Amino acid sequence: MGNEKKNRNEEIKIDHENIDTEDIMGQIRKKIAGQPRKPELEQRVPPEYSASPAPIPPQTEESSGRKAKIKNLALKLMRPFSPLIKFVVLPVHQELRDSIQNLYKTNQRLDLLERRTNENFSKVHEKLDQIDQATIKRMKELNRVREYTKLLHSLSHNIVVELTKLKIGEERLKITTRILEKDFEFLGGREKVLERKVFE
Amino acid sequence: MKLAFVVQRYGLEINGGAELHCRWVVEHLKKYFDVEVLTTRAYDYITWKNHYPEGEEVINGIPVKRFSVTRSRIPERFGRIQNRILENEHSLEDELKWLEEEGPLSPALIEHIQNHQDDYDYFFFFSYRYYHSYWGINALPHKSILVPTAEHDPIIHLRIFKELFRKPRAFIYNSVEERNMINTLSRNENIPGDVVGVGTEIPEEYSSEKFRKKFRIKGDYVLYIGRIDENKGCVQLFDYFQRFKREESTDVKLVLVGSSKLNIPAHPDIVYLGVLSEEDKFSGLDGALILMMPSFYESLSMVTLEAWALDKPVLANAQCKVLKGQCQRSNAGLFYESYEEFHEALRLLLESPRLREGMGKNGKKYFQENYTWDVIERKYLSLLDMLDKES
Numbered sequence: 001m002g003n004e005k006k007n008r009n010e011e012i013k014i015d016h017e018n019i020d021t022e023d024i025m026g027q028i029r030k031k032i033a034g035q036p037r038k039p040e041l042e043q044r045v046p047p048e049y050s051a052s053p054a055p056i057p058p059q060t061e062e063s064s065g066r067k068a069k070i071k072n073l074a075l076k077l078m079r080p081f082s083p084l085i086k087f088v089v090l091p092v093h094q095e096l097r098d099s100i101q102n103l104y105k106t107n108q109r110l111d112l113l114e115r116r117t118n119e120n121f122s123k124v125h126e127k128l129d130q131i132d133q134a135t136i137k138r139m140k141e142l143n144r145v146r147e148y149t150k151l152l153h154s155l156s157h158n159i160v161v162e163l164t165k166l167k168i169g170e171e172r173l174k175i176t177t178r179i180l181e182k183d184f185e186f187l188g189g190r191e192k193v194l195e196r197k198v199f200e
Numbered sequence: 001m002k003l004a005f006v007v008q009r010y011g012l013e014i015n016g017g018a019e020l021h022c023r024w025v026v027e028h029l030k031k032y033f034d035v036e037v038l039t040t041r042a043y044d045y046i047t048w049k050n051h052y053p054e055g056e057e058v059i060n061g062i063p064v065k066r067f068s069v070t071r072s073r074i075p076e077r078f079g080r081i082q083n084r085i086l087e088n089e090h091s092l093e094d095e096l097k098w099l100e101e102e103g104p105l106s107p108a109l110i111e112h113i114q115n116h117q118d119d120y121d122y123f124f125f126f127s128y129r130y131y132h133s134y135w136g137i138n139a140l141p142h143k144s145i146l147v148p149t150a151e152h153d154p155i156i157h158l159r160i161f162k163e164l165f166r167k168p169r170a171f172i173y174n175s176v177e178e179r180n181m182i183n184t185l186s187r188n189e190n191i192p193g194d195v196v197g198v199g200t201e202i203p204e205e206y207s208s209e210k211f212r213k214k215f216r217i218k219g220d221y222v223l224y225i226g227r228i229d230e231n232k233g234c235v236q237l238f239d240y241f242q243r244f245k246r247e248e249s250t251d252v253k254l255v256l257v258g259s260s261k262l263n264i265p266a267h268p269d270i271v272y273l274g275v276l277s278e279e280d281k282f283s284g285l286d287g288a289l290i291l292m293m294p295s296f297y298e299s300l301s302m303v304t305l306e307a308w309a310l311d312k313p314v315l316a317n318a319q320c321k322v323l324k325g326q327c328q329r330s331n332a333g334l335f336y337e338s339y340e341e342f343h344e345a346l347r348l349l350l351e352s353p354r355l356r357e358g359m360g361k362n363g364k365k366y367f368q369e370n371y372t373w374d375v376i377e378r379k380y381l382s383l384l385d386m387l388d389k390e391s
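These protein sequences, in sequence, are chains A and B.
Per this note's numbering, the very first residue in the first sequence carries number 1; after that it's consecutive.
Per this note's numbering, the very first residue in the second sequence carries number 1; after that it's consecutive.
Certain hints may be false.
[Stated by the list, open to error] With a Cα cut of at most 20 Å, we get these calculated EDC-like pairs of lysine to aspartate or glutamate:
| hint | chain 1 | residue 1 | chain 2 | residue 2 |
| --- | --- | --- | --- | --- |
| 1 | B | 361 | A | 23 |
| 2 | B | 167 | B | 390 |
| 3 | B | 31 | B | 119 |
| 4 | A | 30 | B | 337 |
| 5 | B | 218 | B | 280 |
| 6 | B | 30 | B | 121 |
| 7 | B | 49 | B | 93 |
| 8 | B | 143 | B | 194 |
| 9 | A | 13 | B | 357 |
| 10 | A | 30 | B | 340 |
| 11 | B | 361 | A | 17 |
| 12 | B | 245 | B | 220 |
| 13 | B | 364 | B | 204 |
| 14 | A | 31 | B | 247 |
| 15 | A | 31 | B | 337 |
| 16 | A | 31 | B | 76 |
| 17 | B | 361 | A | 22 |
| 18 | B | 321 | A | 20 |
| 19 | A | 197 | A | 185 |
| 20 | A | 123 | B | 89 |
| 21 | B | 321 | A | 23 |
| 22 | B | 361 | A | 15 |
| 23 | A | 31 | B | 357 |
| 24 | B | 261 | B | 230 |
| 25 | A | 13 | B | 351 |
| 26 | B | 143 | B | 111 |
| 27 | B | 49 | B | 76 |
[As the list claims (entries may be wrong)] Under 8 Å between C-beta atoms, here's a sample of chain B residues computed to sit facing chain A:
| hint | residue |
| --- | --- |
| 28 | 184 |
| 29 | 277 |
| 30 | 280 |
| 31 | 327 |
| 32 | 333 |
| 33 | 334 |
| 34 | 335 |
| 35 | 340 |
| 36 | 341 |
Derived by calculation from the structure, the hints in this document are not laboratory data.
Predicted model only: the values in this text are computed from it and were never measured.
Cβ coordinates follow ideal geometry from the N, Cα and C atoms, glycine included.
Produce the complete structure using the sequences and hints provided.
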């Protein structure tokens, strides 16, 4: 055990006078990368304290010979599939699976975001349509009001013109009335003179 | 010069995180400035329920003003709002609503800051993510110094914080990684700041022998100190440690110190001791072979610094950039990203006393160069001096 520990520690070279933790971690990472990756199941053992493994039944010579033949046969049958098996067993496969899993999750998240964005877009479009409709209605009302205003303006103008005309007419009539009054006074005076002459 | 330190909770009973960080900084700056703590009445960081009496008190010679929390946090409701924010498109109003839920909701504290702004020269806000920092800095950006204690969690990406990080007068960062993260997020390189962190208080007396006797611990052990929580990486640590024990014939134990939010596995070599006094904690650390730091989110990790102060190497989670960076800079800790790396690093540390000793020495040197109180105080003083000259 002592030798084993020594060997394992010798794999990592440490300058004890000038310790560099980044270098130590770099060596640890290299060492880990060189080791076969532990299968996922082994890494995810439930947290209970370890139970001792189940005992293996003793094997007879005959049964072991038969087993070896079956094993050889199985290996022959599996040979054509060995690249696939290697691909499945090698750690790179696990990493690929993890990456694909991550990408799949990211895709799902992106799909969800896209769906939400589309939903939000359609909501915004609906709102914009409603706003457009309301704007058109309002514009029509505004145009009508503008026309009314123009008409009222013309009407006011015409009224002013007519009133001016009436005022002028009134003034003219007043002058005529004053002339007629003077004529009437003159004729009245002449009548009185003529009456006097007649009676004389 | 009068300084106000604004923090979500404050008290001698609160022994971790930004709150302890704040208390230690205040107590160390007391000899240079007129200092005051502005905080809430909360003790429980989950609900922020009012616990301490309202008004003024003096803690270790520091005047502390406490303000009421108007609404306690309901964790389920908060969780729902936070998930909605993190998983969906949302508006600025939603983020402000989240901030209100995050709490501790204490408008009286903000009102006090606004009404008494002329009484103080600078306000130090601890922890960017809480109500007091956001509204406090928005009220007085020109007098605010933010100690963000930021971790790399998703909340930091909220828009309100991007804007907040551009407002304070200066920053006090805990680590280089924290500064880089905040700079990258908000492009606030123009705001002055320094990587300071916090020192540690090592008790005068501690003894690994007493610790072993008191808690009946025999043989070698590695130690975890802190909140036993999923976010702190404890579930992963339990899983990894149990697998390590199955694969390696070693008697090493994992000793856990701190309050637990998890069910700790019933394993003969996992020993849970609960919350300990500072003396017992340091005694435990003194006897440990390694400090385990499995946390995913840390802005500094005071316990890592404590381990280095006591010549102990650290095995940290490399998924936390701050821990990885500290280990790389100090050369006093190994770090893992997977079980295989954890296994190899732990095995290497357990089997090589010389490596442990060398890394422990590196840790002590790193601690003395960067995290003794003399260094910390000097950095605070020079930052305040620079701001004063600018004014």
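Query raised in the report: Given the hinted pair residue 13 of chain A and residue 351 of chain B, is their alpha-carbon gap at most 20 Å?
Result: With a Cα-Cα distance of about 14 Å, the restraint between residue 13 of chain A and residue 351 of chain B holds, given a limit of 20 Å.
Query raised in the report: For the hint on residue 184 of chain B, does the least C-beta distance to chain A fall short of 8 Å?
Result: violated (22 Å)
Query raised in the report: Holds or violated: residue 31 of chain A with residue 247 of chain B, Cα cutoff 20 Å?
Result: Judged against 20 Å, a Cα distance of about 17 Å means the pair holds.
**Report entry** 20 Å Cα cutoff - pair residue 361 of chain B, residue 17 of chain A
**Finding:** holds (11 Å)
Query raised in the report: Is the straight-line distance between the alpha-carbon of residue 245 of chain B and that of residue 220 of chain B 20 Å or less?
Result: Holds, at about 13 Å.
Query - Hint consistency between residue 30 of chain A and residue 340 of chain B [alpha-carbon to alpha-carbon, up to 20 Å] - result: holds (11 Å)
Query raised in the report: Within 20 Å, alpha carbon to alpha carbon, are residue 30 of chain B and residue 121 of chain B?
Result: holds (15 Å)
Query raised in the report: Should the interface hint for residue 333 of chain B be scored as holding, given a Cβ-Cβ cut-off of 8 Å against chain A?
Result: At about 6 Å, which falls below the 8 Å cut-off, the nearest Cβ of chain A leaves the hint on residue 333 of chain B intact, so it holds.
**Report entry** Hinted contact residue 280 of chain B with chain A - closest CB pair below 8 Å
**Finding:** violated (27 Å)
Query raised in the report: Are the Cα atoms of residue 31 of chain A and residue 337 of chain B separated by 20 Å or less?
Result: holds (14 Å)
Query raised in the report: Does the structure keep residue 143 of chain B and residue 194 of chain B at a Cα separation of 20 Å or less?
Result: holds (17 Å)
Query raised in the report: Holds or violated: is the Cβ of residue 335 of chain B closer than 8 Å to a Cβ in chain A?
Result: holds (6 Å)
Of the hints listed earlier, those the structure fails to meet are numbers 7, 16, 23, 28, 29, 30, in rising order.
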